[in-house]
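Please work from the sequences and hints to get the whole structure.
Residue-level listing of the chains:
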Amino acid sequence: MQEAMIKRAVQLLADGTVNRVMGWKRGEFVYDITPAVFTTAEELEKDFVCDDFTQANLSKYLVKESRKEGKILAFLKPCDTYSFNQLVKEHRIIRENVYVIGIPGGPKLDIEKIKAKGITGILSVENENYTLKIETIYGTETMPFSEAVSGKCSGCKSKKHVAYDELIGDDGEVLDSNRFDMVAKLENMTSQERFDFWRGELSKCIRCNACRNVCPACTCENCVFDNPKSGIDQKAAADSFEEKMFHIIRAFHVAGRCTDCGECSRVCPQNIPLHLLNRKFIKDINELYGEYQAGADTTSRAPLNNYNADDCEPSVVHERGVE
Amino acid sequence: MLKISADRLNDLFNRIASEQTLYIPVDREPNTAEYRKYEDGMKLSESLNTVRSAKDFFFPQTENLAEFKVEGKNIEIKDIREESGDFVVFGVRACDARSFSILDKVFLSEPVDSFYKNRREHGTIITMACTRPSETCFCTAFGIDPTAPEGDVAVFADGENYFFLDRTEKGKKFIESVADMLEDGDTSKLEEVKEKTREIMKKLPLAGLGTDSFGGDKLNELFNSPKWAELSESCLGCGTCTFVCPTCQCYDIRDFNTGNGIRRFRCWDSCMYSDFTKMAHGNPRLSQLERFRQRFMHKLVYFPANNDGEFGCVGCGRCLSRCPVSLNIVKVMKTLEVKE
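Chains A and B are the protein sequences, given in the same order.
Its first residue numbered 13, the first sequence is counted upward by one per residue in the working numbering.
Its first residue numbered 278, the second sequence is counted upward by one per residue in the working numbering.
Bear in mind the hints are in silico, worked out from the structure with no lab data behind them.
Ideal Cβ placement from N, Cα and C applies to all residues, glycine included.
Hints may be right or wrong, so weigh each one.
Taking lysine-lysine pairs in the DSS-like style, the calculated list, with each CA pair at most 25 Å apart, reads [as the list claims (entries may be wrong)]: (1) B/Lys320 with A/Lys216; (2) A/Lys129 with B/Lys473; (3) A/Lys58 with B/Lys616.
Here are some, though not all, of the chain B residues that point toward chain A, as calculated from beta-carbon distances under 10 Å [as the list claims (entries may be wrong)]: (4) Ser282; (5) Asp284; (6) Leu325; (7) Asn341; (8) Ser411; (9) Thr413; (10) Ala418; (11) Arg475; (12) Ile477; (13) Cys518; (14) Arg599; (15) Ser603.
Structure representation (structure tokens):
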């Protein structure tokens with residue numbers, strides 16, 4: 013796959029279709045991959061990588077990249093194409109300045125899940141028939157591939173590419189995923205249990221803003237939480253209310269626009285399951301306004317930006333709030 | 278050297294905790310350790326290091342400084358600082374232990390930060406020698422020996438016992454206070470463990486990382502390097518690296534409206550943020566390139582320029598494992614280094 017991608021990227025650079033390539037660059041180890049822009053065949057051949065660890069969603073970078081001179085080639089996994097479409101819909105990505113090649117998605121691996129097994133000093137990770145063979149400075153270790161699958165892939169919603177100019181590999185289908193199971197579990201808790209769950213999780217937050225900054229739905233030029241003129245800017249929570257406020261406001265702001273790409277939870281250094289907040293909104297939107305997948309297309313009206321006579325009434329809030 | 282057998286470690290913890298507050302690294306989830314206030318039965322984490330660094334004990338993320346109350350034309354200013362009680366931090370690694378001497382250079386030089394100093398005086402640091410370094414470790418690049426950590430007391434494990442070595446007066450007093458639980462031990466196996474760890478350090482992927490291209494005298498060539506543009510291109514501008522970093526020390530001072538007064542507090546700041554060092558005239562670093570460059574210039578050039586050549590990094594590897602896009606100081610150093 014990686015070879016075919018490099019070959020095609022080199023062709024598209026050579027024939028002038030694009031002048032840059034957005035992809036992933038290999039790092040010091042087998043897993044520390046950085047999103048990067050490549051401009052030459054030499055750079056691509058030396059550092060371009062697409063493997064079990066290339067999890068990062070490249071779509072958000074295209075907000076900036078599609079405003080530069082010339083056209084950029086971007087390799088997008090199925091989940092990334094939803095973010096891409098949503099950003100096109102919001103006029104954040106300039107579609108004609110991007111050449112999209114759809115590539116097969118995961119499941120990708122999360123190195124933290126390998127390290128959680130006590131495996132350290134990792135030198136290489138090979139996938140041999142869905143058993144990972146991990147060479148370390150302390151010897152060889154093995155573990156099932158399935159146990160190292162990234163959280164963002166374990167609830168995969170779709171293998172289908174919703175935006176592309178061409179594909180490498182086959183297109184897939186929208187999947188019947190179990191991604192709302194944990195949300196349902198939270199809904200079935202008492203309000204006190206749910207409050208305790210979220211207090212426990214959100215109190216771990218160090219306000220690094222990684223979730224916000226990686227989020228393809230968060231593309232404000234100046235976030236209210238960074239803007240001293242907004243009156244609610246915070247660098248740290250001054251009390252326990254503020255601790256929750258940031259995440260809840262953010263979840264509200266991306267409601268109806270979040271495609272459930274899972275980047276927020278992937279990047280959280282404190283492993284807070286932030287995607288559950290967004291999934292709750294997605295589940296509610298599905299139930300109250302009918303099935304809707306943000307980013308599935310670039311033209312439909314989003315439920316929260318639309319009005320239908322049979323929309324739920326605001327009273328739904330209290331009706332559902334009763335235990 | 279005095280020792281305690283591994284199966285009695287919790288007895289020792291209980292004893293320390295009966296006299297002062299004790300913090301130990303505990304696994305929240307596998308490989309996700311954090312310092313917690315010790316309670317009976319808590320198990321010492323086997324993770325190499327905690328996600329957040331040990332700097333939190335002396336330089337917490339938020340800290341209240343003063344309260345103001347305005348009534349008519351009078352402003353009442355209340356000093357709301359809390360005097361720290363005595364506390365012990367157990368299990369600090371050599372990298373984090375060195376970070377304290379770096380932070381001391383900032384907070385204990387004139388004008389002395391009395392909030393920091395207060396906690397520093399009340400805290401006893403018990404370090405623990407490393408035996409299973411990770412691929413992300415590079416403390417040796419900064420002259421740190423992970424088998425001989427600094428701190429008030431250094432602890433060495435040989436698998437069966439924990440050995441205690443005092444390194445400061447405070448450490449000596451600490452060992453005396455628990456001496457009745459310790460016994461003389463044979464350290465021959467310990468030397469083997471240390472030797473083995475040193476051999477592993479030499480084989481680590483980052484073992485050859487050099488610092489010759491950096492330092493206080495390299496300001497212009499590094500600042501003006503064209504490579505910052507490419508290096509900073511993928512940076513998300515989040516503060517993860519700065520907040521998990523044991524040596525990042527920048528803070529902001531803010532006022533919070535409590536509803537019946539103003540509380541002035543300080544909180545960690547990050548040079549990655551768009552409003553970092555924002556002043557009346559605006560922000561001195563408008564692009565992510567400039568902000569990204571600031572962080573590494575501070576650690577590799579400005580800090581050594583002002584502190585006898587000491588770098589502002591201890592090679593703990595936290596930024597390597599936590600950056601959402603895997604950018605980190607090692608990649609920066611390798612990209613900028615001048616190869617002979």
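Of all the hints given earlier, name the ones this structure violates by number, lowest first.
Those not satisfied are hints 4, 5, 10 and 11.
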